[in-house]
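Enquirer: Sequence:
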Amino acid sequence: MLTPVLLSGGVGSRLWPVSRESHPKQFLPLAGEITMLQETLRRTAGLTSAAPVVVCNEEHRFMVAEQMRQLEIESDALILEPEGRNTAPAVALAAIQAITSDPEAVLLVLPADHLIQNVDAFVNAVNTALPLAVEGRLMTFGVIPTAPETGYGYIKCGSAVSDNLFELERFVEKPDEVTAREYLQDGGYLWNSGMFLLRAQSYLDELARLAPDMLSCCQNAMDRAETDMHFVRPDAEIFMRCPGDSIDYAVMEKTGSGGVVSLDCGWSDVGAWSALWDVADKDADGNVSRGDVIMDNCSSSYLRSDSRLVAATGVDNLVVVETADAVLVANRDKVQDVKRIVTMLKAQGRTEASLHRRVYRPWGSYESLVISDGFQVKRIVVNPGQQLSLQMHHHRAEHWIVVKGTAEVTCEDKVFMLAEDESTYIPLGHKHRLANPGQSPLELIEVQSGSYLGEDDIVRFEDVYGRSPK
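Heads up: the sequence shown begins at 1 in full-length UniProt numbering, then just goes up one per residue.
Hints were generated in silico from the structure; no laboratory data involved. As the structure is a prediction and not an experimental result, all values here were calculated from the model. One should not assume that every hint holds.
[To be verified] In silico DSSO-like pairs for lysine-lysine, Cα to Cα no more than 27 Å straight-line:
1) 174 to 431
2) 378 to 334
3) 339 to 282
4) 414 to 378
Using the sequences and the hints, build the whole thing.
Expert: Structural data, given as C-alpha coordinates:
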(Lines of atoms letter the chains of each structure in order from A and count residues from 1; the text may use other names and numbers.)
(Lines give C-alpha, C1' and ligand atoms only; values in the text may rest on other atoms or scores of the structure.)
Protein backbone atom coordinates (compact mmCIF):
# COMPACT_ATOMS: atom_id res chain seq x y z
CA MET A 1 0.00 0.00 0.00
CA LEU A 2 1.13 3.55 -0.67
CA THR A 3 2.03 5.20 2.66
CA PRO A 4 2.67 8.94 2.90
CA VAL A 5 5.73 9.82 4.97
CA LEU A 6 5.99 13.46 6.03
CA LEU A 7 9.36 14.77 7.15
CA SER A 8 8.66 17.57 9.60
CA GLY A 9 12.06 18.34 11.07
CA GLY A 10 12.86 21.60 9.30
CA VAL A 11 13.46 24.93 11.03
CA GLY A 12 12.87 27.36 8.16
CA SER A 13 15.38 29.93 9.44
CA ARG A 14 15.28 31.93 6.19
CA LEU A 15 11.63 32.74 6.96
CA TRP A 16 12.52 34.38 10.26
CA PRO A 17 10.96 36.19 12.13
CA VAL A 18 7.69 34.32 11.41
CA SER A 19 9.31 30.86 11.34
CA ARG A 20 11.34 29.97 14.44
CA GLU A 21 12.70 26.78 15.95
CA SER A 22 9.86 26.45 18.44
CA HIS A 23 7.21 27.03 15.74
CA PRO A 24 8.73 26.54 12.26
CA LYS A 25 7.22 27.16 8.86
CA GLN A 26 5.50 23.78 8.39
CA PHE A 27 3.11 24.70 11.22
CA LEU A 28 2.25 28.11 9.76
CA PRO A 29 -0.38 29.20 7.18
CA LEU A 30 2.16 30.98 4.98
CA ALA A 31 0.58 30.53 1.56
CA GLY A 32 -3.08 29.84 2.34
CA GLU A 33 -5.70 29.39 5.03
CA ILE A 34 -4.24 26.19 6.46
CA THR A 35 -0.68 25.34 7.47
CA MET A 36 2.01 23.91 5.20
CA LEU A 37 1.83 20.59 7.07
CA GLN A 38 -1.93 20.45 6.59
CA GLU A 39 -1.61 21.31 2.90
CA THR A 40 0.85 18.42 2.51
CA LEU A 41 -1.45 16.02 4.35
CA ARG A 42 -4.46 17.09 2.31
CA ARG A 43 -2.78 16.59 -1.07
CA THR A 44 -2.04 12.95 -0.26
CA ALA A 45 -5.72 12.20 0.48
CA GLY A 46 -6.56 11.45 -3.16
CA LEU A 47 -3.66 9.01 -3.54
CA THR A 48 -4.21 6.47 -0.77
CA SER A 49 -6.36 5.54 2.18
CA ALA A 50 -3.30 4.59 4.25
CA ALA A 51 -2.67 6.60 7.39
CA PRO A 52 0.42 8.78 7.11
CA VAL A 53 3.65 8.42 9.06
CA VAL A 54 5.13 11.69 10.32
CA VAL A 55 8.73 12.09 11.47
CA CYS A 56 9.25 15.09 13.74
CA ASN A 57 11.00 16.05 16.96
CA GLU A 58 9.77 15.77 20.52
CA GLU A 59 9.03 19.48 20.93
CA HIS A 60 6.67 19.59 17.94
CA ARG A 61 4.77 16.35 18.55
CA PHE A 62 1.57 17.90 19.89
CA MET A 63 1.48 20.55 17.17
CA VAL A 64 1.59 17.77 14.57
CA ALA A 65 -1.10 15.80 16.39
CA GLU A 66 -3.36 18.84 16.79
CA GLN A 67 -3.05 19.91 13.16
CA MET A 68 -3.86 16.38 12.02
CA ARG A 69 -6.85 16.31 14.37
CA GLN A 70 -8.15 19.53 12.83
CA LEU A 71 -8.23 17.77 9.44
CA GLU A 72 -9.70 14.61 11.00
CA ILE A 73 -6.70 12.60 9.76
CA GLU A 74 -5.47 9.67 11.83
CA SER A 75 -1.74 8.94 11.90
CA ASP A 76 -0.22 5.49 11.63
CA ALA A 77 2.70 6.75 13.71
CA LEU A 78 4.35 9.98 14.81
CA ILE A 79 8.02 9.05 15.01
CA LEU A 80 9.92 11.35 17.37
CA GLU A 81 13.58 11.74 16.44
CA PRO A 82 15.76 12.13 19.55
CA GLU A 83 17.91 14.46 17.44
CA GLY A 84 17.91 15.41 13.77
CA ARG A 85 20.23 13.26 11.66
CA ASN A 86 19.13 14.53 8.24
CA THR A 87 16.77 12.79 5.83
CA ALA A 88 18.38 9.38 5.25
CA PRO A 89 17.93 8.15 8.86
CA ALA A 90 14.49 9.80 9.08
CA VAL A 91 13.29 7.85 6.03
CA ALA A 92 14.87 4.68 7.46
CA LEU A 93 12.87 5.05 10.69
CA ALA A 94 9.68 5.49 8.67
CA ALA A 95 10.48 2.50 6.45
CA ILE A 96 11.13 0.26 9.44
CA GLN A 97 7.86 1.39 10.99
CA ALA A 98 5.88 0.91 7.75
CA ILE A 99 6.96 -2.66 7.02
CA THR A 100 5.86 -3.82 10.47
CA SER A 101 2.27 -3.54 9.25
CA ASP A 102 2.80 -3.90 5.48
CA PRO A 103 5.94 -5.67 4.17
CA GLU A 104 5.16 -4.36 0.67
CA ALA A 105 4.68 -0.75 1.71
CA VAL A 106 5.62 1.91 -0.83
CA LEU A 107 6.61 5.21 0.77
CA LEU A 108 5.74 8.60 -0.67
CA VAL A 109 8.32 10.73 1.13
CA LEU A 110 7.38 14.41 1.31
CA PRO A 111 8.86 17.37 3.17
CA ALA A 112 6.06 18.82 5.27
CA ASP A 113 6.82 22.42 4.32
CA HIS A 114 6.63 22.53 0.51
CA LEU A 115 4.02 24.20 -1.68
CA ILE A 116 2.35 22.55 -4.68
CA GLN A 117 -0.16 24.67 -6.56
CA ASN A 118 -1.29 22.08 -9.14
CA VAL A 119 -2.21 19.05 -7.04
CA ASP A 120 -3.64 17.13 -10.00
CA ALA A 121 -0.28 17.29 -11.79
CA PHE A 122 1.43 16.06 -8.64
CA VAL A 123 -0.99 13.14 -8.30
CA ASN A 124 -0.46 12.22 -11.95
CA ALA A 125 3.33 12.21 -11.46
CA VAL A 126 3.01 9.92 -8.43
CA ASN A 127 0.80 7.51 -10.36
CA THR A 128 3.26 7.56 -13.27
CA ALA A 129 6.19 6.63 -11.03
CA LEU A 130 4.33 4.14 -8.84
CA PRO A 131 4.72 1.01 -11.05
CA LEU A 132 8.49 1.49 -11.15
CA ALA A 133 8.62 2.03 -7.39
CA VAL A 134 6.63 -1.17 -6.82
CA GLU A 135 9.24 -3.01 -8.92
CA GLY A 136 12.01 -1.74 -6.65
CA ARG A 137 13.12 1.50 -8.28
CA LEU A 138 13.99 4.36 -5.96
CA MET A 139 12.16 7.22 -7.62
CA THR A 140 12.69 10.92 -7.07
CA PHE A 141 10.71 13.87 -8.40
CA GLY A 142 12.53 16.47 -10.48
CA VAL A 143 10.75 19.76 -11.01
CA ILE A 144 10.95 21.30 -14.48
CA PRO A 145 12.85 24.57 -13.87
CA THR A 146 11.26 27.88 -14.79
CA ALA A 147 14.26 30.09 -13.99
CA PRO A 148 18.02 29.82 -13.34
CA GLU A 149 17.41 29.29 -9.62
CA THR A 150 20.52 29.26 -7.42
CA GLY A 151 18.66 28.31 -4.22
CA TYR A 152 17.85 24.75 -5.34
CA GLY A 153 19.92 21.67 -6.00
CA TYR A 154 19.53 20.01 -9.41
CA ILE A 155 19.14 16.50 -10.80
CA LYS A 156 20.86 15.48 -14.04
CA CYS A 157 18.59 13.15 -15.97
CA GLY A 158 19.97 10.16 -17.81
CA SER A 159 18.35 8.28 -20.67
CA ALA A 160 14.57 8.38 -21.01
CA VAL A 161 12.62 5.36 -19.78
CA SER A 162 9.29 6.65 -21.10
CA ASP A 163 7.42 9.95 -21.20
CA ASN A 164 8.47 12.02 -18.19
CA LEU A 165 10.51 9.13 -16.75
CA PHE A 166 14.31 9.04 -16.81
CA GLU A 167 17.29 7.21 -15.45
CA LEU A 168 18.95 9.05 -12.57
CA GLU A 169 22.39 10.23 -13.62
CA ARG A 170 23.51 12.42 -10.72
CA PHE A 171 22.59 15.06 -8.17
CA VAL A 172 24.15 18.52 -8.45
CA GLU A 173 24.76 21.02 -5.65
CA LYS A 174 23.18 24.48 -5.70
CA PRO A 175 24.92 26.25 -8.61
CA ASP A 176 26.02 29.83 -9.12
CA GLU A 177 23.94 31.94 -11.52
CA VAL A 178 26.11 31.29 -14.58
CA THR A 179 25.95 27.52 -14.06
CA ALA A 180 22.22 27.66 -13.35
CA ARG A 181 21.66 29.38 -16.70
CA GLU A 182 23.68 26.66 -18.41
CA TYR A 183 21.51 24.00 -16.76
CA LEU A 184 18.38 25.78 -17.94
CA GLN A 185 19.66 25.97 -21.53
CA ASP A 186 20.80 22.33 -21.47
CA GLY A 187 17.28 21.08 -20.70
CA GLY A 188 18.49 17.88 -19.04
CA TYR A 189 18.50 19.26 -15.52
CA LEU A 190 15.57 19.39 -13.08
CA TRP A 191 15.22 21.02 -9.69
CA ASN A 192 15.71 18.60 -6.80
CA SER A 193 12.35 18.61 -5.00
CA GLY A 194 13.41 16.41 -2.07
CA MET A 195 10.37 14.16 -2.69
CA PHE A 196 10.73 10.40 -3.21
CA LEU A 197 8.67 7.32 -4.02
CA LEU A 198 10.17 3.97 -3.04
CA ARG A 199 9.40 0.57 -1.59
CA ALA A 200 10.28 0.58 2.09
CA GLN A 201 12.17 -2.72 1.83
CA SER A 202 14.04 -1.64 -1.33
CA TYR A 203 15.26 1.46 0.46
CA LEU A 204 16.38 -0.51 3.51
CA ASP A 205 18.16 -3.02 1.27
CA GLU A 206 20.10 -0.24 -0.45
CA LEU A 207 20.87 1.37 2.90
CA ALA A 208 22.24 -1.96 4.14
CA ARG A 209 24.56 -2.04 1.13
CA LEU A 210 25.59 1.62 1.04
CA ALA A 211 25.36 2.80 4.67
CA PRO A 212 25.20 -0.27 6.91
CA ASP A 213 26.14 1.58 10.11
CA MET A 214 23.25 3.97 9.58
CA LEU A 215 20.77 1.17 9.04
CA SER A 216 22.05 -0.76 12.06
CA CYS A 217 21.58 2.25 14.36
CA CYS A 218 18.08 2.95 13.01
CA GLN A 219 16.99 -0.68 13.24
CA ASN A 220 18.33 -1.12 16.77
CA ALA A 221 16.78 2.16 17.89
CA MET A 222 13.40 1.12 16.51
CA ASP A 223 13.71 -2.36 18.05
CA ARG A 224 13.96 -0.66 21.43
CA ALA A 225 11.44 2.09 20.70
CA GLU A 226 8.79 3.07 23.21
CA THR A 227 5.24 3.69 22.05
CA ASP A 228 2.87 6.16 23.69
CA MET A 229 -0.48 6.52 21.89
CA HIS A 230 0.60 7.26 18.28
CA PHE A 231 4.01 8.54 19.39
CA VAL A 232 6.93 6.23 18.60
CA ARG A 233 10.17 7.10 20.39
CA PRO A 234 13.27 5.35 19.00
CA ASP A 235 15.88 4.60 21.62
CA ALA A 236 17.73 7.90 22.07
CA GLU A 237 21.11 6.53 23.14
CA ILE A 238 21.33 4.26 20.11
CA PHE A 239 19.97 6.77 17.61
CA MET A 240 22.41 9.47 18.75
CA ARG A 241 25.21 7.24 17.44
CA CYS A 242 23.63 7.19 13.97
CA PRO A 243 25.64 8.87 11.19
CA GLY A 244 23.83 11.86 9.75
CA ASP A 245 23.38 12.24 5.99
CA SER A 246 20.78 13.18 3.40
CA ILE A 247 19.00 10.52 1.40
CA ASP A 248 20.55 12.12 -1.71
CA TYR A 249 24.13 11.50 -0.58
CA ALA A 250 23.66 8.31 1.42
CA VAL A 251 21.61 6.40 -1.19
CA MET A 252 20.33 8.13 -4.30
CA GLU A 253 23.71 9.27 -5.69
CA LYS A 254 25.17 5.78 -5.28
CA THR A 255 22.32 3.45 -6.14
CA GLY A 256 22.00 1.78 -9.49
CA SER A 257 18.23 1.60 -9.06
CA GLY A 258 17.40 5.28 -9.13
CA GLY A 259 14.85 6.95 -11.39
CA VAL A 260 13.43 10.42 -12.00
CA VAL A 261 9.92 11.53 -12.85
CA SER A 262 9.65 15.07 -14.19
CA LEU A 263 7.13 17.29 -12.48
CA ASP A 264 5.44 20.54 -13.52
CA CYS A 265 3.07 21.42 -10.70
CA GLY A 266 3.81 24.89 -9.37
CA TRP A 267 6.24 23.51 -6.79
CA SER A 268 8.21 25.61 -4.30
CA ASP A 269 10.12 24.69 -1.17
CA VAL A 270 9.10 28.11 0.23
CA GLY A 271 12.69 28.48 1.35
CA ALA A 272 12.75 32.27 1.58
CA TRP A 273 10.47 35.30 1.59
CA SER A 274 11.10 35.81 -2.12
CA ALA A 275 9.48 32.43 -2.78
CA LEU A 276 6.28 33.60 -1.11
CA TRP A 277 6.37 36.75 -3.24
CA ASP A 278 6.78 34.55 -6.33
CA VAL A 279 3.68 32.42 -5.70
CA ALA A 280 1.33 35.08 -4.29
CA ASP A 281 -1.19 37.26 -6.12
CA LYS A 282 0.24 40.73 -6.72
CA ASP A 283 -1.25 44.18 -7.18
CA ALA A 284 -0.73 46.29 -10.29
CA ASP A 285 2.71 47.39 -9.03
CA GLY A 286 3.92 43.87 -8.26
CA ASN A 287 3.40 44.13 -4.50
CA VAL A 288 2.22 41.44 -2.10
CA SER A 289 0.71 42.43 1.24
CA ARG A 290 -0.48 40.37 4.20
CA GLY A 291 -2.16 41.71 7.32
CA ASP A 292 -2.58 45.36 8.29
CA VAL A 293 -0.46 46.98 5.56
CA ILE A 294 -0.65 50.35 3.80
CA MET A 295 1.54 51.01 0.74
CA ASP A 296 2.08 54.20 -1.22
CA ASN A 297 4.22 54.42 -4.36
CA CYS A 298 5.77 50.99 -3.72
CA SER A 299 6.73 48.33 -6.24
CA SER A 300 7.83 44.67 -6.36
CA SER A 301 7.76 44.37 -2.57
CA TYR A 302 6.46 41.89 0.03
CA LEU A 303 5.01 43.43 3.20
CA ARG A 304 3.55 41.36 6.03
CA SER A 305 2.10 42.43 9.38
CA ASP A 306 1.19 39.99 12.14
CA SER A 307 0.29 42.36 14.99
CA ARG A 308 0.26 46.06 14.04
CA LEU A 309 0.12 48.50 11.17
CA VAL A 310 3.00 48.44 8.68
CA ALA A 311 3.16 51.46 6.35
CA ALA A 312 5.63 51.98 3.51
CA THR A 313 6.12 54.66 0.90
CA GLY A 314 8.51 54.98 -2.02
CA VAL A 315 10.19 51.58 -1.65
CA ASP A 316 11.09 49.04 -4.31
CA ASN A 317 12.04 45.34 -4.17
CA LEU A 318 11.86 45.13 -0.37
CA VAL A 319 10.70 42.48 2.08
CA VAL A 320 9.27 43.84 5.33
CA VAL A 321 7.96 41.31 7.86
CA GLU A 322 6.57 42.37 11.25
CA THR A 323 5.83 40.18 14.26
CA ALA A 324 5.03 41.12 17.85
CA ASP A 325 8.71 41.15 18.87
CA ALA A 326 10.75 41.64 15.69
CA VAL A 327 10.78 43.37 12.30
CA LEU A 328 12.75 42.17 9.28
CA VAL A 329 13.71 44.55 6.46
CA ALA A 330 15.60 43.03 3.53
CA ASN A 331 16.26 43.45 -0.16
CA ARG A 332 14.12 40.87 -1.94
CA ASP A 333 17.19 39.59 -3.80
CA LYS A 334 19.09 38.99 -0.54
CA VAL A 335 16.54 37.12 1.57
CA GLN A 336 18.52 33.88 1.36
CA ASP A 337 20.87 35.58 3.84
CA VAL A 338 18.22 35.96 6.56
CA LYS A 339 19.56 32.79 8.17
CA ARG A 340 22.73 34.77 8.94
CA ILE A 341 20.61 37.09 11.09
CA VAL A 342 19.34 34.04 13.00
CA THR A 343 22.94 32.89 13.52
CA MET A 344 23.85 36.32 14.89
CA LEU A 345 20.86 36.27 17.27
CA LYS A 346 21.89 32.85 18.58
CA ALA A 347 25.47 34.00 19.08
CA GLN A 348 24.14 36.88 21.18
CA GLY A 349 21.97 34.53 23.22
CA ARG A 350 18.74 36.23 22.13
CA THR A 351 15.52 34.25 22.47
CA GLU A 352 14.07 35.82 19.31
CA ALA A 353 16.12 33.31 17.32
CA SER A 354 13.99 30.40 18.48
CA LEU A 355 10.95 31.61 20.43
CA HIS A 356 7.97 33.74 19.53
CA ARG A 357 6.37 36.00 22.08
CA ARG A 358 3.51 33.52 21.83
CA VAL A 359 4.78 30.09 22.86
CA TYR A 360 2.79 26.98 21.97
CA ARG A 361 2.33 24.14 24.40
CA PRO A 362 0.43 20.82 24.21
CA TRP A 363 -2.47 22.37 26.12
CA GLY A 364 -2.60 25.70 24.23
CA SER A 365 -0.33 28.74 24.33
CA TYR A 366 0.95 31.62 26.41
CA GLU A 367 2.07 35.08 25.38
CA SER A 368 4.20 37.49 27.40
CA LEU A 369 2.58 40.92 27.44
CA VAL A 370 4.74 42.78 29.97
CA ILE A 371 8.11 41.77 31.45
CA SER A 372 9.76 43.84 34.19
CA ASP A 373 11.77 43.45 37.36
CA GLY A 374 9.85 41.30 39.80
CA PHE A 375 6.71 40.78 37.74
CA GLN A 376 5.45 39.50 34.40
CA VAL A 377 2.04 39.58 32.70
CA LYS A 378 0.95 36.77 30.36
CA ARG A 379 -2.07 35.91 28.27
CA ILE A 380 -2.80 32.19 28.57
CA VAL A 381 -5.06 30.19 26.24
CA VAL A 382 -6.06 26.64 27.22
CA ASN A 383 -7.69 24.56 24.49
CA PRO A 384 -11.03 22.83 25.15
CA GLY A 385 -10.67 19.72 27.31
CA GLN A 386 -6.98 20.35 28.03
CA GLN A 387 -5.12 20.92 31.27
CA LEU A 388 -1.71 22.04 32.47
CA SER A 389 0.44 19.84 34.65
CA LEU A 390 -0.03 19.69 38.42
CA GLN A 391 2.91 21.89 39.40
CA MET A 392 4.43 24.36 41.83
CA HIS A 393 6.97 27.19 41.74
CA HIS A 394 9.74 27.94 44.21
CA HIS A 395 10.20 31.60 43.34
CA ARG A 396 6.93 33.10 42.14
CA ALA A 397 3.27 33.55 43.00
CA GLU A 398 0.52 33.95 40.40
CA HIS A 399 -2.76 35.84 40.03
CA TRP A 400 -5.23 34.47 37.45
CA ILE A 401 -8.08 36.53 35.94
CA VAL A 402 -10.46 34.71 33.56
CA VAL A 403 -11.44 36.85 30.55
CA LYS A 404 -13.13 34.20 28.41
CA GLY A 405 -14.49 30.73 29.13
CA THR A 406 -14.55 28.75 32.36
CA ALA A 407 -11.53 27.57 34.36
CA GLU A 408 -11.20 24.63 36.69
CA VAL A 409 -8.57 25.48 39.27
CA THR A 410 -6.74 23.14 41.61
CA CYS A 411 -4.82 24.80 44.46
CA GLU A 412 -3.46 22.41 47.05
CA ASP A 413 -6.50 20.35 48.21
CA LYS A 414 -9.14 22.72 46.77
CA VAL A 415 -10.77 22.36 43.35
CA PHE A 416 -13.10 25.14 42.19
CA MET A 417 -14.48 26.87 39.10
CA LEU A 418 -13.82 30.39 37.85
CA ALA A 419 -16.15 32.13 35.37
CA GLU A 420 -15.43 35.20 33.26
CA ASP A 421 -14.34 38.26 35.27
CA GLU A 422 -13.46 36.11 38.29
CA SER A 423 -9.95 35.70 39.67
CA THR A 424 -7.83 33.73 42.12
CA TYR A 425 -4.40 33.82 43.75
CA ILE A 426 -1.85 30.98 43.70
CA PRO A 427 0.69 31.50 46.53
CA LEU A 428 4.36 30.66 46.08
CA GLY A 429 5.07 26.98 46.77
CA HIS A 430 1.45 25.80 46.40
CA LYS A 431 0.65 22.85 44.14
CA HIS A 432 -1.76 23.98 41.44
CA ARG A 433 -3.32 23.10 38.12
CA LEU A 434 -5.35 24.94 35.49
CA ALA A 435 -7.83 23.09 33.28
CA ASN A 436 -10.45 23.93 30.66
CA PRO A 437 -13.55 21.73 31.07
CA GLY A 438 -15.49 23.69 28.44
CA GLN A 439 -16.10 23.41 24.70
CA SER A 440 -14.43 26.73 23.78
CA PRO A 441 -10.93 28.09 24.48
CA LEU A 442 -10.24 29.38 27.97
CA GLU A 443 -8.41 32.72 28.06
CA LEU A 444 -6.99 34.32 31.16
CA ILE A 445 -4.49 36.95 32.22
CA GLU A 446 -1.75 35.73 34.55
CA VAL A 447 0.28 38.14 36.67
CA GLN A 448 3.45 36.55 38.04
CA SER A 449 5.40 38.15 40.89
CA GLY A 450 8.55 36.96 42.58
CA SER A 451 12.32 36.92 42.66
CA TYR A 452 12.70 34.69 39.57
CA LEU A 453 10.22 34.31 36.70
CA GLY A 454 12.00 31.85 34.37
CA GLU A 455 10.10 29.02 32.71
CA ASP A 456 12.42 26.50 34.35
CA ASP A 457 10.97 27.29 37.80
CA ILE A 458 8.43 24.49 37.43
CA VAL A 459 8.21 21.33 39.53
CA ARG A 460 5.79 18.91 37.80
CA PHE A 461 4.01 16.26 39.86
CA GLU A 462 1.53 14.96 37.26
CA ASP A 463 1.41 15.58 33.52
CA VAL A 464 -0.90 14.01 30.94
CA TYR A 465 1.50 14.88 28.10
CA GLY A 466 4.38 12.69 29.22
CA ARG A 467 6.77 15.55 29.97
CA SER A 468 9.47 14.70 32.48
CA PRO A 469 9.16 16.25 35.93
CA LYS A 470 11.37 19.32 36.31
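Enquirer: Now tell me if each hint is right for this structure.
Expert: Status of the hints after comparison with the structure:
For the proposed pair residue 174 and residue 431, the alpha carbon gap of about 55 Å is over 27 Å, so the pair is violated. With a C-alpha separation of about 36 Å, the suggested pair residue 378 and residue 334 falls outside the 27 Å cut-off, and the hint is violated. A hinted pair counts as satisfied when its Cα atoms are at most 27 Å apart, and residue 339 with residue 282 qualifies at roughly 26 Å. At roughly 24 Å between alpha-carbon atoms, residue 414 and residue 378 fall within 27 Å of each other, so this suggested pair holds.
Hint compliance for this structure: hints 1, 2 are not met, and every other hint is.
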